[in-house]
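Peer 1: Next come the chains, spelled out residue by residue.
2 protein chains.
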Amino acid sequence: MSGPTQKVLKPGDTIGILGGGQLGRMLALAAARLGLRCHVFSPDPDSPAFDVVQNATCAEYADVEALEMFAADVDVITYEFENVPASAALVLAARKPVLPDYKILETTQDRLGEKDFVTKLGIGTAGYADVTSAQTLNAAIAKLGLPAVLKTRRFGYDGKGQAMLREGDDVEAAWQRLETRAAILEAFVPFEREVSVITARGADGQVVCYDVTDNEHRDHILKVSRAPAAVSEAIAEEARRIATRIADALGYVGVLGVEMFVVPDGNGARVLVNEIAPRVHNSGHWTLDGASVSQFEQHIRAIAGWPLAQPLRHGTVTMTNLIGHDVDDYAQWLTVPGATVHLYGKRTALPGRKMGHVTVVEPAAKP
Amino acid sequence: MSGPTQKVLKPGDTIGILGGGQLGRMLALAAARLGLRCHVFSPDPDSPAFDVVQNATCAEYADVEALEMFAADVDVITYEFENVPASAALVLAARKPVLPDYKILETTQDRLGEKDFVTKLGIGTAGYADVTSAQTLNAAIAKLGLPAVLKTRRFGYDGKGQAMLREGDDVEAAWQRLETRAAILEAFVPFEREVSVITARGADGQVVCYDVTDNEHRDHILKVSRAPAAVSEAIAEEARRIATRIADALGYVGVLGVEMFVVPDGNGARVLVNEIAPRVHNSGHWTLDGASVSQFEQHIRAIAGWPLAQPLRHGTVTMTNLIGHDVDDYAQWLTVPGATVHLYGKRTALPGRKMGHVTVVEPAAKP
Numbered sequence: 001m002s003g004p005t006q007k008v009l010k011p012g013d014t015i016g017i018l019g020g021g022q023l024g025r026m027l028a029l030a031a032a033r034l035g036l037r038c039h040v041f042s043p044d045p046d047s048p049a050f051d052v053v054q055n056a057t058c059a060e061y062a063d064v065e066a067l068e069m070f071a072a073d074v075d076v077i078t079y080e081f082e083n084v085p086a087s088a089a090l091v092l093a094a095r096k097p098v099l100p101d102y103k104i105l106e107t108t109q110d111r112l113g114e115k116d117f118v119t120k121l122g123i124g125t126a127g128y129a130d131v132t133s134a135q136t137l138n139a140a141i142a143k144l145g146l147p148a149v150l151k152t153r154r155f156g157y158d159g160k161g162q163a164m165l166r167e168g169d170d171v172e173a174a175w176q177r178l179e180t181r182a183a184i185l186e187a188f189v190p191f192e193r194e195v196s197v198i199t200a201r202g203a204d205g206q207v208v209c210y211d212v213t214d215n216e217h218r219d220h221i222l223k224v225s226r227a228p229a230a231v232s233e234a235i236a237e238e239a240r241r242i243a244t245r246i247a248d249a250l251g252y253v254g255v256l257g258v259e260m261f262v263v264p265d266g267n268g269a270r271v272l273v274n275e276i277a278p279r280v281h282n283s284g285h286w287t288l289d290g291a292s293v294s295q296f297e298q299h300i301r302a303i304a305g306w307p308l309a310q311p312l313r314h315g316t317v318t319m320t321n322l323i324g325h326d327v328d329d330y331a332q333w334l335t336v337p338g339a340t341v342h343l344y345g346k347r348t349a350l351p352g353r354k355m356g357h358v359t360v361v362e363p364a365a366k367p
Numbered sequence: 001m002s003g004p005t006q007k008v009l010k011p012g013d014t015i016g017i018l019g020g021g022q023l024g025r026m027l028a029l030a031a032a033r034l035g036l037r038c039h040v041f042s043p044d045p046d047s048p049a050f051d052v053v054q055n056a057t058c059a060e061y062a063d064v065e066a067l068e069m070f071a072a073d074v075d076v077i078t079y080e081f082e083n084v085p086a087s088a089a090l091v092l093a094a095r096k097p098v099l100p101d102y103k104i105l106e107t108t109q110d111r112l113g114e115k116d117f118v119t120k121l122g123i124g125t126a127g128y129a130d131v132t133s134a135q136t137l138n139a140a141i142a143k144l145g146l147p148a149v150l151k152t153r154r155f156g157y158d159g160k161g162q163a164m165l166r167e168g169d170d171v172e173a174a175w176q177r178l179e180t181r182a183a184i185l186e187a188f189v190p191f192e193r194e195v196s197v198i199t200a201r202g203a204d205g206q207v208v209c210y211d212v213t214d215n216e217h218r219d220h221i222l223k224v225s226r227a228p229a230a231v232s233e234a235i236a237e238e239a240r241r242i243a244t245r246i247a248d249a250l251g252y253v254g255v256l257g258v259e260m261f262v263v264p265d266g267n268g269a270r271v272l273v274n275e276i277a278p279r280v281h282n283s284g285h286w287t288l289d290g291a292s293v294s295q296f297e298q299h300i301r302a303i304a305g306w307p308l309a310q311p312l313r314h315g316t317v318t319m320t321n322l323i324g325h326d327v328d329d330y331a332q333w334l335t336v337p338g339a340t341v342h343l344y345g346k347r348t349a350l351p352g353r354k355m356g357h358v359t360v361v362e363p364a365a366k367p
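Protein chains in written order, with UniProt numbering: chain Z, 1 to 367; chain R, 1 to 367.
Hints in this document: simulated from the structure, not taken from any laboratory. This one's a predicted model, so the numbers in the text were calculated from it and none came from an experiment. Incorrect hints may have been included.
Identical copies go unnamed one by one, so any copy, or any two together, can satisfy a pair.
What the hints assert, rightly or not - Quick list of in silico lysine to any residue cross-link-like pairs, SDA-like style, CA-CA up to 20 Å:
| no. | residue 1 | residue 2 |
| --- | --- | --- |
| 1 | K10 | A349 |
| 2 | K10 | D73 |
| 3 | K103 | L121 |
Modelling step: build the complete structure from the supplied sequences, incorporating the hints.
Peer 2: Okay, structure coming up:
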């Protein structure tokens, strides 16, 4: 089925955003800077993105009437999260351009489909195998060895829906706990670092990559990103090449984040793709203060049919997530020289909840 | 009369903004970044600031009920323009803290009172005289000479409510055209440049000045600002000293802009104050992209009772206003390397209307 095709927005036009979290909020703020309005659709009445737009719809993604009214009010639709229900995307795409193309979600919502897609492009991933039962799980373990990570194929994020399997673990019990029949086993990757590349692709096919970013996770949640990553220029080039290849192959319009592992390989290293996030990405938040154009503005430019900008980095940039009660330290962060504090307006600091982030830019050292 | 005193805001608290233009809009965007909500009050249904907040009141400043409901919904109140009616300020200040203190407006809304205030601080201004009739106008001309500028004492901006008087002009006719009995005659100042200093003063009395900015006007409207200004360090220091003195003397909390003339004086130059703007100021828009903290965030920090930040400038910064149909060039500006485009979301590009601005940052030259 083919819906409306992309148009070039004018200032004053309205972007519809599915999802009302901090990513939707920062997209809306970037759009406002460019004279574009936003209408946020989210089922959560406490959505942080509602605070920064005049037009908001609080409804379930299954509410077809609400989706239709939303589509009627906007000129183009985008999303802040990859788990947009296919049924909602279908309703919307029949009425207004949805960018990035929602069919891309079919690939990226499914860990198996995503890995197959990447592999077919000739890009490396961790070894993986389809798992549909305790029996196929045992076969996968026989093939990939242990330790390995068992993950649901769909709807996992920040470490949810996954289990590490080690020698001697009760495989049958782990399988039962996952409560699914669609899973994937991924070989353990002895990586030396986790990096990501934030990539924007315009409606005209132009691709702009940000500097490769070093990422540190804590409890499966991103804690710190640093740009540029401490990798060789060869590795950085390879990482950008991979991200560009993926964006091109998807015919992508907007910003996507590609998470990668850098794995020791003899005297050198190689780059494996871990995950594709078809959206603005936490590891790109440093671009708000550390670059002349942010990932959020690039995404808006792309879906508006406007030209992408060439980002200039302001120095060495460190982004720290404020997770849960980390946010209680905001007043101290306000006093740190060169620090920019971003708070998302969430009411309750639950454990593991991303409440804000802080960017610190150190001017580039003299050559 | 004494109203509620300042409190320290928490993330999630609400700032009330009087006025819904681009300054209110950019204040609201800065507040959002810090996790604060905004409620905008403006009589204009097409207010650009309405687009970026969830809570908006469209009502006249004389609508006491609307003002009371607005005050009840917010934790602190600020304003984006200096012509807030005293009656509205009184209603609000009895209910919630209004910052900067609205009593400051009594000084800055009146060109004569402002010049008297500055003069009493020992700071130079253009020569001036009170004018209340054609007779006192003639006496003022005899004292100050011609050319000189006749201005209404109140409610003038962007060259409105003023007339240049030259030798041979019909003084009586000029007086009639001004349609007021409260005016001021200002001696013509043979300035070599117009500069401004954007100054933030915190609730604790801390003062932070941005770099002195060079300003170019066209048809009495600011067209281009450049930071840092091409003045000697002595002149820059004098300009910052003057702005600091004014902020301290006013017991100011928030951001104010002080417009100044640099006037040749023998082998050197001296600095005269032209005007005080008790608000964020167009000549400080470069700080959004050219500094580590913007004038808008500083204002929000000050009125929130939070610490001010020390701004670091990213390089040499040029800000160009998009006035009237200048805004039609936005698509070209989007392609200029290093340019950041700000559009205010105004529907109609009337002549003289500020529709947006563009900042270009050139990285600092190596020493």
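Peer 1: Against each hint, give a clear statement of whether it holds in the structure.
Peer 2: Outcome of the hint check:
1. K10 / A349: between (38 Å within a copy, 14 Å between copies)
2. K10 / D73: Only inside one copy: K10 and D73 sit 15 Å apart there, 34 Å across copies, limit 20 Å.
3. K103 / L121: Close inside one copy (18 Å), not across copies (68 Å); limit 20 Å.
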